[in-house]
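Chains as they are written, first to last, in this note's numbering: chain A, 619 to 825; chain B, 3 to 77; chain C, -14 to 406.
Check each hint, because a few of them may be wrong.
[Unchecked claim] Once the Cα atoms are required to be at most 25 angstroms apart in a straight line, the calculated DMTMM-like pairs of lysine to aspartate or glutamate come out as: (1) Lys65/C <-> Asp111/C; (2) Lys73/B <-> Glu42/B; (3) Lys69/B <-> Asp704/A; (4) Lys69/B <-> Glu42/B; (5) Lys65/C <-> Asp139/C; (6) Lys65/C <-> Glu36/C; (7) Lys69/B <-> Asp41/B; (8) Lys73/B <-> Glu55/B; (9) Lys76/B <-> Glu42/B; (10) Lys76/B <-> Glu32/B; (11) Lys73/B <-> Asp111/C; (12) Lys76/B <-> Glu36/B; (13) Lys69/B <-> Glu162/C; (14) Lys73/B <-> Glu162/C; (15) Lys73/B <-> Asp139/C.
No lab work stands behind these hints: they were computed from the structure.
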Amino acid sequence: MLSNVVQAAGLVEGAPVLWYANRGSGFVLLGLLTITTVAGVLAGAVPGSREWPRAATQAMHRNVGLLSATFLALHVVTTVVDEFVDVRWWQAIVPFTSGYERIWLGLGVVGLDLILAVIITSMLRHRLGHRLWRGIHVLSYLAWALGTVHGLAMGTDAGTRWGVAFAAVCTMAVAVAIGARLVSLRSAPPSAGAPKANPVTTHRGMP
Amino acid sequence: MSASTRAPDPARQQLTVDWQSCDGHGLCAEILPELVHLDEWHFPVVQRAVPKELERLARAAVVACPKLALKITKP
Amino acid sequence: MSGVRVAAGQGTDVWVHEGPRLLADLEHGPGLAVHRRRSNGRQPWPTSGWELAELLEAVDLRGRGGAAFPLARKVRTAAKARGRPVVVVNAAEGEPASSKDSTLMLLKPHLVLDGAQLVAQAIGADTIHVVVPGERPSVQAGVRTAMADRADADPVPMSLHRAECRFVAGESSAVLELLSGRPNLPVTTSRPSAVSGLGGRPTVLSNAETYAQAALLARDGVDAYCSVGTPAEPGTRLLTIDGDGDRPTVLEVAHGTRLAPLLAAADADADNGLLLGGYHGTWLPPAAVADLTVSAMSMIEAGAAIGAGVMLPLRAGACPIRRTAVVVGYLAGESANRCGPCKFGLPALAHAVRDLALGAVRSSERIVQLMDAVERRGACHHPDGTTRSIRSMLRAFPLEVEMHLSGSCTAAAVAVPAGAW
């Protein structure tokens, strides 16, 4: 119905606006989600400096995350509204229920659900407490991965050289960020001397 | 004697640190250097009483803490 | 004088002297029958929290665990607060130099348990938790037997718990954490436990000796209780004295008694300085020790606090700086390692004090800087207790500190006996 309106709005007949919007938003989404994830990983791994404090990386993570959410919404809406492929609105929320490309679309839907959970828990972070928030937030890695697989499997541009190159660059960026985080975790902070600073028996017979 | 040891002013909002949660990320000191500075091990030294003009920044620091370790209590 | 084993497995005996109240009639043993014979026919117990609080206030009974908080206030608060109250008997001790609670639980468990039952019934508690030290299995065994012997007669059910083997295990919030099934470590609390403690319920948590004193008071009445001690501080208290003699001594002392003769009776010196209050205590120079009496006020006047009654006199020829270095090293290792300033600051402090003890530094500036950095930053008072011993050492022994800053030690020639505190 909406596509009729769009076509009636005077666009070139047969031009699949919604499909372009869907395809484009999917593409941009991969980039935005990659930036969001990388910023999130690095916020904890890279110490702040005067020029670029940790708070700045954190703010970037939040803002790009919200921007990603906007594009995700656009991506989902255009899928549902576009009549070229038959995806009903509930099939965009409940995974593996669509007739069209059940598996690959389904993975994307799982990613969407995870991102929704991440966003909601982040907004309620102070009420939920740190542990619950973190438990859900860790799933964003999975959401990113599922989105990437979904895009590579279904994306119209996934077959092109630059499409693949873009996906490769995004994947490498996330991998490098995770690597940097693991390295920074491994080199534990200097403990200012061993905790047992004086292993002398301090009381009779009691170490 | 550090600033955090003065008796609390009942009219002002108070900043406190939940020490078990604090991991020394340091975002509080970045956002609110007027009231928070980091010790030699990167943990916050916090001035308890929040002047009125810094209340907004103090709230931002509380929101920014990755471990939810900074708390603000109303007077 | 009887000697009692309180640390099984390591052969540490403790000398326990007979006392006027708590440690009376030791030769009859800790059994229930003997205890009942002594207690029967005395005054009836208070039946309400209010009545009990009045009784406690008549003698201003303070906690014997170190904080000296009035028990009456805890009782009043818990009796009024929302929820069914809980009683916790803290015999976890924690401090390795203290043996008074272990001694009491081994020799007079029924006095302590009577006190717990008394408080529980008065405030309407439905359960009593007794916490004993993890590193003293003989105490656990003794208390388990005592509790089993009286289980049928007691209205309020009691359960026994083992604390973990660590210094901070006896701290109040750490005990509540243990009882809640979490690690036995201190946490930040927003409300006093008498208002909201174990499981959010009003909790009266007090030292084992405090309950024993309450039981004595209820049994003998105010006048008899006040017949010993001073008008301002009636009654007695338990002390642990460890002066590098043959073994530590636990004794019961009336308030107002001079401390110096007690140290001599415990085979210890009063002439070389004293660490008053245990490892979190205050160093006092010899001149201050001479005038001390066993009284909260006398201790406060000397700039110290009686704490849990642990007296650690320095032996002739021992070096207070070296002793402090050993104590601080131990305390640094006992950090719960949860709060940054304590986890990093205490080991740094231990190194700094050791450097001073070795005569390797020319200024105590680093020590002072570190003490300022760790105090009042953390979930509990472990850092503050640690710095107390260092600050008081600097104040009490300026001559020795000067010597160390110029590279020598007053006691360099004397070897420290192995196993000394």
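Here is how each hint holds up against the structure:
no.	hint	verdict
1	Lys65/C <-> Asp111/C	holds (15 angstroms)
2	Lys73/B <-> Glu42/B	holds (22 angstroms)
3	Lys69/B <-> Asp704/A	violated (44 angstroms)
4	Lys69/B <-> Glu42/B	holds (20 angstroms)
5	Lys65/C <-> Asp139/C	holds (24 angstroms)
6	Lys65/C <-> Glu36/C	holds (13 angstroms)
7	Lys69/B <-> Asp41/B	holds (18 angstroms)
8	Lys73/B <-> Glu55/B	holds (18 angstroms)
9	Lys76/B <-> Glu42/B	violated (30 angstroms)
10	Lys76/B <-> Glu32/B	holds (23 angstroms)
11	Lys73/B <-> Asp111/C	violated (35 angstroms)
12	Lys76/B <-> Glu36/B	holds (19 angstroms)
13	Lys69/B <-> Glu162/C	holds (21 angstroms)
14	Lys73/B <-> Glu162/C	holds (22 angstroms)
15	Lys73/B <-> Asp139/C	violated (45 angstroms)
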